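Visitor: Model the full structure from these sequences, guided by the hints.
Number of protein chains: 2
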Amino acid sequence: MSCWVKYGEECDFPIENLPYGVFHLKGEDAREARVGVAIGDSVLDLKVLANNGFFKDILPFNVFAEGALNSFMKLGRPTWLKVRKVLQDVLAKENPILRDNQELLKKALFPLSAITNLLPAKIGDYTDFYSSREHAENMGRIFRPDAEPLLPNWLWLPVGYHGRASSVVVSGQDIRRPNGQVKAPTAATPSFARCNKLDMELEVGMFVGPGNDLGSPISIDKAEEHIFGIVLMNDWSARDIQAWEYVPLGPFGGKNFGTTISPWVVTLEALEPFRIEGPKQEPAPLSYLQPKSPFAFDIHLEVHLATEASPAPSQITQSNFKYLYWSMAQQLVHHTITGCNMVPGDLLGSGTISGPDKQLGSLMELSWNGKNPLVLPSGEKRTFFEDGDTCIIKGWAQGNNYRIGFGDCSGKVLPANKI
Amino acid sequence: MSCWVKYGEECDFPIENLPYGVFHLKGEDAREARVGVAIGDSVLDLKVLANNGFFKDILPFNVFAEGALNSFMKLGRPTWLKVRKVLQDVLAKENPILRDNQELLKKALFPLSAITNLLPAKIGDYTDFYSSREHAENMGRIFRPDAEPLLPNWLWLPVGYHGRASSVVVSGQDIRRPNGQVKAPTAATPSFARCNKLDMELEVGMFVGPGNDLGSPISIDKAEEHIFGIVLMNDWSARDIQAWEYVPLGPFGGKNFGTTISPWVVTLEALEPFRIEGPKQEPAPLSYLQPKSPFAFDIHLEVHLATEASPAPSQITQSNFKYLYWSMAQQLVHHTITGCNMVPGDLLGSGTISGPDKQLGSLMELSWNGKNPLVLPSGEKRTFFEDGDTCIIKGWAQGNNYRIGFGDCSGKVLPANKI
Ligand SMILES: [Ca+2]
Ligand SMILES: [Ca+2]
Ligand SMILES: [Mg+2]
Ligand SMILES: [Mg+2]
Ligand code: NI
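First to last, the protein sequences are chains S and W. Using numbering that gives the first Met the number 0, the letters of the first sequence map in sequence onto residues 0 to 418. Using numbering that gives the first Met the number 0, the letters of the second sequence map in sequence onto residues 0 to 418.
Calculated directly from the structure, the hints in this document are not laboratory data. Predicted model only: the values in this text are computed from it and were never measured. Among the clues, some could well be false.
It does not matter which identical chain is used: a pair holds within one copy or between any two.
Unchecked claim - Capping the alpha-carbon separation at 30 Å, the derived lysine-lysine pairs in DSS-like fashion look like this:
1) LYS5 with LYS380
2) LYS55 with LYS92
3) LYS370 with LYS84
4) LYS121 with LYS46
5) LYS221 with LYS121
6) LYS25 with LYS73
7) LYS55 with LYS370
8) LYS121 with LYS73
9) LYS291 with LYS106
10) LYS182 with LYS291
11) LYS221 with LYS417
12) LYS73 with LYS84
13) LYS182 with LYS279
14) LYS84 with LYS105
15) LYS221 with LYS411
16) LYS73 with LYS417
17) LYS121 with LYS279
18) LYS370 with LYS182
19) LYS321 with LYS81
20) LYS221 with LYS182
21) LYS105 with LYS321
Guide: Laid out in structure tokens, this is it:
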């Protein structure tokens with residue numbers, strides 16, 4: 000596929016991708032936010048395209064004039080496919096309709112450098128799963144070295160917990176190191192302290208489309224109809240706070256101080272060529288979780304770290320979305336199986352994605368709970384994040400001469416508030 | 000205080016109360032929803048009052064014309080107090096301004112029997128705590144009979160978990176019994192089955208007011224500024240599903256199929272006369288959790304059960320909000336201590352409220368995990384809910400010749416979907 004917008008083979012946003020985001024121009028008020036797609040180094044303003052009749056008979060109203068993708072997400076895949084077709088037509092190299100309309104181009108195409116990205120959706124609820132077998136096993140080995148690394152339910156259901164939606168932020172927003180209650184194993188009583196084990200979690204987040212009514216679960220053969228697309232996600236974690244608080248009701252303050260996502264939602268359509276079989280599931284899942292078709296995706300993932308002393312980012316780990324044991328479809332189905340309703344714009348995190356061959360998706364695993372510091376190219380060492388560190392997740396699916404990329408999922412650590 | 004609207008001493012909604020809710024008239028579309036206060040057996044339409052200039056110079060715009068209380072909750076206590084004063088003036092026995100304006104009365108005062116209540120707010124995030132010491136101890140004794148009933152962190156912090164906001168429903172909405180994954184302790188593998196241990200949890204929910212920015216915790220001396228008011232809450236729970244899924248990340252599908260709240264939000268102002276000292280906290284909380292003033296409330300709570308065979312509700316348990324070990328202020332502060340941002344309309348559940356003298360807030364405790372069935376006045380027995388059962392929570396603070404009541408928090412159990 001050829002496009003009249005120019006870009007190279009390593010560009011995240013070729014015409015095969017067309018991920019959706021919410022933006023306004025720098026200098027504009029946030030109330031001006033609208034929907035765009037990333038193409039090359041630019042963003043195409045879909046509000047303007049809709050106002051100019053490009054989606055006539057496809058949209059019930061100008062869903063792209065809103066500062067969130069929820070209304071578009073609600074419309075479902077038949078509409079998503081029609082819009083994608085229009086966009087690929089309009090951007091096709093040979094099509095002059097927008098390419099040669101200088102007046103419209105000026106109003107509809109902006110360099111990415113000129114815009115501010117906002118959260119792509121109003122996230123009603125955010126849920127975080129724990130679906131990488133290798134990550135779960137590593138955590139088990141670190142915390143319960145003498146026991147079976149996997150807990151009894153792990154191979155039977157996608158373990159997950161409800162997260163905090165209000166603190167999901169878009170790439171680029173700084174994250175303040177938390178203070179909180181911690182207790183060293185050797186201490187008699189807990190204390191209030193600065194978090195000393197600030198970690199990342201390398202995850203992928205899925206955005207829900209139409210969703211379901213309360214009491215009416217989504218079946219496994221319908222799951223894909225309800226998945227709009229995915230983003231990269233850093234589920235920042237305060238390991239010392241989490242360790243003290245999480246029994247018996249799960250992570251709380253150790254997780255709710257910030258979750259960073261990449262701004263562009265990559266659709267299942269764009270990822271379709273990269274769909275593959277996931278890990279073999281043994282024991283076989285119960286029938287409500289048995290997939291009818293493969294639903295893993297070959298997406299290369301990397302984490303880079305920039306420090307204050309050494310601002311050029313260096314890679315600290317890599318992984319692949321294909322290692323996820325429980326698929327997004329299975330996660331979604333299990334989430335609704337007791338009747339829970341999904342709403343357009345809900346966000347479901349994959350859980351930290353580690354892999355079978357030293358792919359490690361957290362500093363907890365990379366430093367083995369602080370025992371083995373990472374040595375950066377600058378010579379600096381890290382067990383967990385230091386103030387001023389910037390953690391950048393990147394990811395892409397590699398096609399022939401093109402990439403389906405995600406853009407950066409980046410956040411910088413600010414010093415904790417004074418105690 | 001005397002009011003020109005007539006009601007008896009046991010009415011939930013005297014002039015001292017004035018709880019806020021969202022409603023439309025039966026037959027109207029949900030888009031007509033607006034804010035009202037309950038008074039006697041009626042509702043006063045605040046949208047109409049605002050349009051008629053009653054809140055001039057108090058409100059930035061007609062926040063009562065919205066189908067949710069979020070905008071009003073955001074305004075903060077100084078505004079809430081001004082509005083309350085206007086309402087108590089307007090409703091005072093001797094004030095003719097509305098009392099004698101038949102034309103306006105016809106547009107602004109409706110019998111409760113003529114309205115449909117909606118959720119009082121758009122709930123961005125819902126969190127559930129676990130703050131009754133007696134409930135936590137009972138659960139410990141049931142599930143870990145040979146160990147200390149309280150886990151090590153319980154006396155040091157208000158343990159809680161993020162819940163599911165999308166499935167919070169208003170009183171009166173039926174709840175479908177869930178199906179889900181369960182595993183009997185003696186079974187080799189789990190199975191997919193109808194929930195056999197459907198339970199209630201007797202709770203109180205608090206609605207958040209203005210809230211805080213991400214990274215800027217709310218301090219204990221400011222906590223009250225951020226608490227708008229409270230409702231009764233039934234945190235429906237599928238105990239068999241929860242038991243299998245909840246280790247290590249907490250309750251999930253066993254909790255996210257429905258949470259019922261009462262429709263009228265009772266303000267802290269109305270509850271002020273019933274503020275008392277809470278349970279003594281020993282060990283003393285860390286300083287960030289040390290209260291500056293008493294923050295327990297003497298609110299009598301009852302649970303009634305109606306069955307299909309015996310539709311007249313009978314009381315199955317009672318408790319009191321004053322037994323809560325960790326106060327709402329402490330819960331709110333702890334929730335934000337790592338930096339989590341609170342948003343107007345967020346809902347925080349107290350946790351099941353049991354007490355020191357056989358006050359038991361769940362069927363799990365009342366039947367001691369099914370070992371001791373309750374015998375209802377009709378002779379029917381219950382360990383957990385049967386299909387067709389209706390669970391009704393009631394509550395009030397008892398003043399001299401008046402009550403600050405909540406109205407019913409009621410939900411009927413529908414049969415599970417066919418497997
Ligand atoms: Ca996570
Ligand atoms: Ca609860
Ligand atoms: Mg997080
Ligand atoms: Mg619930
Ligand atoms: Ni939420």
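Visitor: It remains to establish, for every hint, whether it holds in the given structure.
Guide: Hints and how they fare:
no., hint, result
1, LYS5 with LYS380, "neither (40 Å within a copy, 74 Å between copies)"
2, LYS55 with LYS92, "within (22 Å within a copy, 59 Å between copies)"
3, LYS370 with LYS84, "neither (52 Å within a copy, 62 Å between copies)"
4, LYS121 with LYS46, "both (18 Å within a copy, 27 Å between copies)"
5, LYS221 with LYS121, "both (24 Å within a copy, 28 Å between copies)"
6, LYS25 with LYS73, "both (28 Å within a copy, 28 Å between copies)"
7, LYS55 with LYS370, "neither (60 Å within a copy, 64 Å between copies)"
8, LYS121 with LYS73, "both (12 Å within a copy, 18 Å between copies)"
9, LYS291 with LYS106, "neither (45 Å within a copy, 57 Å between copies)"
10, LYS182 with LYS291, "between (46 Å within a copy, 25 Å between copies)"
11, LYS221 with LYS417, "between (50 Å within a copy, 18 Å between copies)"
12, LYS73 with LYS84, "within (18 Å within a copy, 43 Å between copies)"
13, LYS182 with LYS279, "between (39 Å within a copy, 23 Å between copies)"
14, LYS84 with LYS105, "within (23 Å within a copy, 55 Å between copies)"
15, LYS221 with LYS411, "between (39 Å within a copy, 29 Å between copies)"
16, LYS73 with LYS417, "between (43 Å within a copy, 27 Å between copies)"
17, LYS121 with LYS279, "neither (35 Å within a copy, 41 Å between copies)"
18, LYS370 with LYS182, "within (19 Å within a copy, 37 Å between copies)"
19, LYS321 with LYS81, "within (28 Å within a copy, 58 Å between copies)"
20, LYS221 with LYS182, "between (45 Å within a copy, 26 Å between copies)"
21, LYS105 with LYS321, "neither (40 Å within a copy, 64 Å between copies)"
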